[in-house]
Amino acid sequence: MQQDQMQTNKRLQFQEIVDKHFDDSLPLFMDILRVPSQSREFDPEYLTNGLLLQTAKLFQVLVENLKLKNAKIELFTDEGLSPFLFVEVEGSDGGADGTVLFYGHMDKQPPFTGWREGLSAYDPKIINDKLYARGGADDSYSVLGSVIAIRTIQDLGLKHPRVVMIFEADEESGSDHIEHYLNKLKDRIGNVDLIVCLDSGCGNYDQFWSTTTLRGLVGANVTVQVLNEGVHSGDASGVVPSSFRIFRQLLNRIDDPKTGEVVDDFQVTIPGERYIQAQKTAAVFSEGLINKFPLHGNTQPVSLDTFKTYINKVWKAQLAIVGADGLPTAQTAGNVLRPETTLKLSVRLPPTKDPKEAEESFVRILTTNVPYGATIKIEGLNSGAGFNALDNKPYLDQLINDASNIFYGKESVTFGEGGSIPLMNTLQQQFPKAQFIITGVLGPNSNEHGPNECLDLPYTKKLISCIAYIVSGAQEHLKK
250 MQQDQMQTNK RLQFQEIVDK HFDDSLPLFM DILRVPSQSR EFDPEYLTNG
300 LLLQTAKLFQ VLVENLKLKN AKIELFTDEG LSPFLFVEVE GSDGGADGTV
350 LFYGHMDKQP PFTGWREGLS AYDPKIINDK LYARGGADDS YSVLGSVIAI
400 RTIQDLGLKH PRVVMIFEAD EESGSDHIEH YLNKLKDRIG NVDLIVCLDS
450 GCGNYDQFWS TTTLRGLVGA NVTVQVLNEG VHSGDASGVV PSSFRIFRQL
500 LNRIDDPKTG EVVDDFQVTI PGERYIQAQK TAAVFSEGLI NKFPLHGNTQ
550 PVSLDTFKTY INKVWKAQLA IVGADGLPTA QTAGNVLRPE TTLKLSVRLP
600 PTKDPKEAEE SFVRILTTNV PYGATIKIEG LNSGAGFNAL DNKPYLDQLI
650 NDASNIFYGK ESVTFGEGGS IPLMNTLQQQ FPKAQFIITG VLGPNSNEHG
700 PNECLDLPYT KKLISCIAYI VSGAQEHLKK
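Take any residue in the sequence shown, count from 1 to its spot, add 249: that is its number in this note's numbering.
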């Protein structure tokens with residue numbers, strides 16, 4: 250009973266401070282979400298229209314308003330690159346402290362279509378404790394959450410390690426620009442002992458979720474061309490092959506049209522320990538892993554088996570067609586056999602798959618023995634490595650589990666995420682001794698990248714309390 254009361258008191262102490270700072274910062278945070286900025290891949294004018302820079306400058310003000318003690322806050326806008334926000338906070342015990350690196354990103358996906366009536370991408374609204382807006386959950390909250398976590402530790406008079414925070418504005422475009430800033434700030438960042446990434450997901454809003462694996466990816470814009478110009482379909486059909494039909498055959502080389510199973514060129518053997526983890530995690534997900542998606546009408550998921558679904562989502566390669574060119578709208582389309590079809594292909598890769606090998610397979614499969622000798626153009630070929638975390642030290646796992654019990658009332662869960670965070674593998678190579686906490690708020694119905702993206706506010710506040718508790722508790726273990 251006394252132990253329960255102590256945990257309740259601790260929870261109330263942390264949450265009171267987190268709630269105050271979060272609520273005080275919310276108006277400015279919502280102003281940031283109103284800025285219609287997009288990541289550079291989706292906004293060719295990002296260097297001249299000032300929207301991405303405006304977002305970063307407002308984030309700088311948000312961080313400054315939280316008044317971290319012994320902190321340096323700098324916004325870098327190097328020529329030809331997206332902005333980069335850098336925060337340094339001295340450790341409580343000076344030079345003896347280890348270093349924690351916080352990571353998040355400020356850039357956003359395009360608004361997309363299909364927002365519910367009364368909602369839109371750049372008009373943030375709070376409904377039933379959920380904040381609806383593009384980028385709120387992915388990943389603007391990470392800036393607010395990281396800073397509030399450290400401010401909470403300071404307000405409580407607790408100790409914390411030395412902290413560096415890196416917030417890029419290029420993640421949704423592949424994080425190509427961050428390498429420049431990491432090299433530029435290498436000496437100031439120094440050695441890193443713990444990396445906290447707030448850009449991942451959660452299986453529910455009931456407990457702390459730690460991400461141990463992330464998928465990689467390979468993708469490109471692929472064009473099949475059969476004519477120099479469009480011609481009357483009555484004249485040409487049956488004589489000239491359809492570029493779309495050729496594309497269907499090429500896509501069937503990548504995945505089975507009936508099952509969606511991707512060919513072995515993009516697959517790996519699942520490590521034994523991750524297979525065991527998958528069995529445990531799938532049991533926690535239960536039907537929530539399938540039911541989180543807004544399936545239309547009588548549409549059924551790929552599988553009703555939770556374990557198989559989890560493996561498909563985390564350890565299996567999957568093909569998605571995420572965009573198309575060369576197709577007129579149905580309303581304006583005439584009876585013309587089109588000269589070409591362009592599809593933007595995205596293949597999610599298992600966490601341990603070599604992305605360069607996947608690139609080679611991608612090109613070979615799509616360009617060898619092309620039906621009818623059609624012309625194939627592959628543009629914008631890119632890839633990114635997945636992530637497979639090393640085991641954390643027992644004290645850190647204990648802190649994570651304790652935090653989950655204190656602030657959520659349930660034990661923490663480890664799981665693999667189907668998405669990608671390109672930088673994690675880079676940081677793992679750069680700081681091979683660092684431990685990782687990868688977590689986030691992308692849970693049921695958060696719908697990042699799609700319409701009606703939302704941030705679950707109660708869950709987010711508890712997550713920030715968890716991070717503050719964990720980082721403070723790790724301070725003594727990270728001391729040099």
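Everything labelled a hint here was simulated from the structure, so no lab data went into it.
Please read all numbers here as calculations on a predicted model, not as lab measurements.
Warning: the hint list may mix true and false statements.
Unchecked claim - Label-pair distances were calculated between CB atoms; the ranges are: (1) T508 <-> E628: 43 to 53 Å; (2) G344 <-> K316: 21 to 31 Å; (3) V310 <-> L261: 44 to 54 Å; (4) E536 <-> N618: 39 to 49 Å; (5) P577 <-> N618: 28 to 38 Å; (6) D646 <-> Y524: 34 to 44 Å; (7) K433 <-> D272: 34 to 44 Å; (8) D505 <-> L275: 16 to 26 Å; (9) K605 <-> E323: 29 to 39 Å.
The beta carbon of each residue, even a glycine, is placed where N, CA and C say it ideally should be.
Status of each hint after checking the structure:
Roughly 29 Å separates the CB atoms of T508 and E628, a value that falls outside the hinted 43 to 53 Å. Taking 21 to 31 Å as the suggested C-beta distance range, the pair G344 and K316 conforms, at roughly 24 Å. At roughly 30 Å, the beta carbons of V310 and L261 sit outside the given window of 44 to 54 Å. E536 and N618 have their C-beta atoms about 43 Å apart, which keeps the hinted 39 to 49 Å range intact.
Between P577 and N618 the Cβ separation comes to about 30 Å, which falls inside the hinted range of 28 to 38 Å. Separation of D646 from Y524 is about 20 Å and departs from the stated range, judged on CB atoms against 34 to 44 Å. For the pair K433 and D272, the beta carbons lie near 36 Å from each other, so the given range of 34 to 44 Å is met. Take D505 and L275: their Cβ atoms lie about 47 Å apart, and the range 16 to 26 Å is violated.
For K605 and E323, the Cβ-Cβ distance of about 34 Å falls inside the hinted range of 29 to 39 Å, so the restraint holds.
The structure is inconsistent with the numbered hints 1, 3, 6, 8, although it conforms to all the rest.
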